[in-house]
Each structure stands twice: as C-alpha cells, then as structure tokens.
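Line by line, the protein sequences give chains B and R. All residue numbers for the first sequence refer to the working numbering, where the first residue is 54 and numbers rise by one. All residue numbers for the second sequence refer to the working numbering, where the first residue is 339 and numbers rise by one.
Warning: the hint list may mix true and false statements.
Claimed, not checked - One-sided and incomplete, this derived list gives chain R residues near chain B with beta-carbon spacing under 10 angstroms: (1) R361; (2) A464; (3) W465; (4) A565.
What the hints assert, rightly or not - Chain B is nowhere near these chain R residues, computed Cβ spacing over 10 angstroms in every case: (5) G396; (6) S408; (7) G434; (8) A544; (9) Y557.
As the list claims (entries may be wrong) - Chain R stretches covered by chain B per the calculated footprint, using a threshold of three residues with CB under 8 angstroms from any CB of chain B: (10) 347-354; (11) 381-390.
Worth flagging that the hints you see were computed from the coordinates, not collected in a lab. The model shown is predicted, which means the values in this text are computed figures rather than measured ones. Backbone N, C-alpha and C define an ideal beta-carbon position, used for all residues, glycine too.
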Amino acid sequence: MNLPELTQETRTAHWGWHEHRYFGHRVFEELAGRETFTGLTVLSVLGRRLSSEACAVVDDAACTLTLADPRIWPLKLTRLIAAYGSTLPAAAAGLLSEEEARIGPWAMAKSAEVLQAFDAAIGDRVDEPNTVRDAVKAYLAEHRFVWGFGTPFRERDERLVSFRACIQRRKRDTHRFWRLMDAVSAVVSEVRHPEPNMGIATAAAFLDLGLTPHQVGSLTSALMQHMFLAHAIEGSAQGASLRELPSTYVDFAGHGPRSSPRAEAAAGSARGVDAARGVDAARGVDARDAAAR
Amino acid sequence: MSLPELDGPLESGAVFPARLTARVVTAGARPSVHGYDVEGDLARHYQASDLLFLTLMGELPSAAISRAFSVALMFLGPVSVAHASTHAAVVGRLCGTPTSSVFGVAAIGAAEHARWLLAEHAELIAWLVTPSGSLPERFRARDADDLAAVQRLELALQPSGLTIPALADRPTRDAALLVVLFALGVQRPEQLEAALALARLPCAIAEALAERPANFGNYPINLPRFAYTE
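Take these sequences, add in the hints, and give me the full structure.
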C-alpha cells in the first residue's frame, strides 16, 4: 500500500554524503576548525551565529554561573540519581528538574520577561528617575513576586558582582537592558529591599545580545550543563553513601498507623466467628454439664 | 591538597533541618503508606490499583470506586507506538541503551503525554470543577469509534454501580476517562497527571522491550521525512 509521505520541516540539520549541514552552515567547511563550542551552542539555541565579542559575553555568563556546590537542589538531585552508578541518567534528571523551575535557567527567562515589561513601560526614558519609579511601583503593585530579585542566604549575589565586572570590562554596561536593569533594581531594592540576582543580570546581558526570553532560558540551560555533568561523573563514581540513608535521618510526618476498612471487616468477621465458636463451645460445655448432672 | 575549612552561606548563613521528612511512606523494615501497614494489611486485602489510588488520594477507595478506578486505569493503559511517548521509548530501545534508560525515556514520555493531554482538556477540567450547561462541544465524540469506546467504558463501569451523568453527553474517549477519574475524586491536576502517566507507562515499556536493540535497519527512519530548509 502506498502511504502519503509525512514530512516535517527542519532548519536544524541534514546528513549528507560528504558534508553535513547545521543551521545553514556546512559543518566541515564552515564550522570545523573555525567555530568554538560556545559559538556552536549559541548557533543551536538561536539558529544563527553571534560575533566572537558576543560569544565572549556568553562565556562570561557561563563562568560566573558556575555555582556548583552539590548541596544546591538540582545538583543534589543529580548526585542522588548518580548514587546508583550511572552518569547520563543523573545528568538528564538534573536537566529535567530545570524545566520551568523557580531556580535555574527558567528564572532567567522569566527575568527577561520582567525586563521586557519594564522596557515596554519605560522605553527610552530610563534616565528619568520619576518615570522609572512610577513604572516599578505600578509593577510591584500588581506583582508580589518579581523574578530576578532576591538573594537567598546572603545579602547580595556574588555572581552578579563578578559578572558586572566582566560586563564593564567589555564596555557593555551602557547597553539598553543592562542600564534598564540597573535603573529598575535601584527602585525595587529601595521599595521592597530584595537585591537583583544573577538571573536578571544574565537576562539583561542576553537581551542586549538580541535573544528572546525563551532563548535566554534555553541558552542559560545549555551553559549550566557542565555542573550537572560534573556531579553526575563524580557522584556515579562515589555512589553508595547516598543510595539509602539510615532511617534515623528520616522523620515521619504523615498519617499515623491505622487499619484498612477491609482488615477491620475481616477482623470483625473473625471476631464474629470466634464469638459464635465461643457460644457453641459454651453450649457444648453446658450440654456435657447437663449430661453429667 | 587539603584546604582550610571553607565557609559560605550554607555553613554559617541559614539554618536547615538535620533530617529528611517522610510524609507518605515510613522508612525502615515495616513500611506503611499513609498509615496502612503494606505487608500486613494492604497486601492481604487490596489490589495494586488500590495502592495507586491510596498514593494519589491519601485514602483507600471504597469497593465501588476501586472497581471503577481499575476500569479507568485499564482503559488508559494502551498507548500505541503511533504516539510520540511510546514511539520515543521504542527508539530508546533501538539505540541499545540499558533498559533502565529505556524506562526513563518512557517515563518522561508518559509524563509529557499526560501533561499535554491535561492542557488540551483544561476547558473540560474547568467545566468539571464548576459545571454550567452541558459538556463543552469540543469534547463531544465525533466518530463512531469514540462513541463505541465510551459505550464499552459505561458497560465496564456497570458492575461498580456508579453513575457518572456526564458520560451521557457522549464525550470523546479521552474526555470520558478524565470525567470518570474526576468523578472518582482524582481531581487535582497533579493527581490526574500522575494517574495518566502511571497507567500508560507499562504499555510504553512493553512496546519498547518488544523491539530489538540496534535493529536500525528495520526502523522507518523517514517517518516522517524531515525536509531541511535554510
């Protein structure tokens, strides 16, 4: 039977005889020996290449985002799966935990949306304090939680401090979204007190590179893979100690012991049988007693 | 090289508990689930589907709900290789990855399939939460196959003695199964998502394990044909 051909367009790749294509580029002729790993990652997320200067900003972000303490929740999760001895399942589990999560790359995508909302409200008037203040106050009145702000367990985000120095060295602190972030942060910190975090800084820098908020999330996720791999590799080699914690390290806060309705019914019916047997036995004793009398 | 003891926010900043908190399953030699002794009680008096209901709902089902829940799980179970979730598990097997990784792919596929299905039925769920008027039109069966499937569902539910009025509106098969789960108390999105994913996982795994690892030559690599454009 002839079936109609099902087709789907792809801009990503094609496998040729002697040369392969990747987002409009010949892999061997144009990319091999010429493009960096960061550049290839950018091409994968954006579908287009960025200049080496722009890729250097991405590298700065990747390096300053390297907060890889195994106690941080997605990395701890990776470590727990790695305890069974495999590497990629652990890394995959870590990656999976990032999807639309409150921490990690999706927080940066959400931060980018926040900056875009402020950009729509403030436009080119970022140097007008009253305009920025009014826009921020209006936003805060409608949003209890503001993505990109808050530095848990410390007063300021040390990654942002380092990343800011990188951005300044590259003279990118005068770009539109970076300036907007600084202007907005000053008012948010004054009104609500939370400090800006690396999420909104990464978002600002990447929006200035021309990324969409979704691309900000995807690229940041790609830039954080090395941390998952590091823990998947080290954790899978160490294994055993995390595989099962001694039960003394676990408190139970759930429902107390109880019997199921069917167990109750079975016990009730058994009690009924026992009671009946008891009556029968008593009758027997009574009869024997009577006979004896 | 030994380092001096390092300090940071997790050493001298916030204070955290020293122990994990279990809320469903007790740790140790005699496990209980939501307070019920698994080995001495549940294993003697209940089916595996009842344990699934208990884990989702926190309470055991009545006999009628147990029966109806089993029927719903049975109807939810088969997801053929035509669906991306099972298809992905089969391709994972084809790649020759360990079975544990195939299970992982199948689990992700089943979870994503369930999340997508619920998103597609968000309007139905909203209608079930606050029913007004009759079943929304887009969830009504349009073909004989759907109608017949829902009739078989009603027939299978009959021994439970439960009446689910929305089924009389002739929903699609997927909508009917969500209606049944909802009627049984499985109503929160995460409960529905878990029920769908768990019901469907075994068939996806079975289909994957039926494939031969590295059987690349017999896999339709051009289904679909990806047309490269620049």
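Verification of the supplied hints:
1. Because the smallest distance between the Cβ of R361 of chain R and any Cβ of chain B comes to about 5 angstroms, under 10 angstroms, the interface hint for this residue holds.
2. Taking 10 angstroms as the C-beta cut-off, the interface hint given for A464 of chain R is violated, the closest approach to chain B being about 21 angstroms.
3. The beta carbon of W465 of chain R comes no nearer than 26 angstroms to any beta carbon in chain B, farther than 10 angstroms, and the hint placing it at the interface is violated.
4. A distance limit of 10 angstroms between C-beta atoms decides the matter here; for A565 of chain R the minimum to chain B is near 5 angstroms, and the interface restraint holds.
5. For G396 of chain R, the condition that its CB be more than 10 angstroms from all CB atoms of chain B is violated, with the nearest at approximately 7 angstroms.
6. Interface exclusion of S408 of chain R from chain B stands, the closest Cβ pair being 15 angstroms apart, more than 10 angstroms.
7. Every CB of chain B is more than 10 angstroms from the CB of G434 of chain R (nearest about 14 angstroms), matching its label as outside the interface.
8. In this structure A544 of chain R is separated from chain B by more than 10 angstroms, as the shortest Cβ-Cβ distance comes to about 21 angstroms.
9. Residue placement check: Y557 of chain R keeps its beta carbon more than 10 angstroms from all beta carbons of chain B (closest about 15 angstroms).
10. Taking a C-beta to C-beta cut-off of 8 angstroms, the stretch 347-354 of chain R contributes 4 residues in contact with chain B, enough for the three needed, and the coverage statement holds.
11. Only residues whose beta carbon comes within less than 8 angstroms of a beta carbon in chain B count, and the stretch 381-390 of chain R has 3; three or more means the coverage holds.
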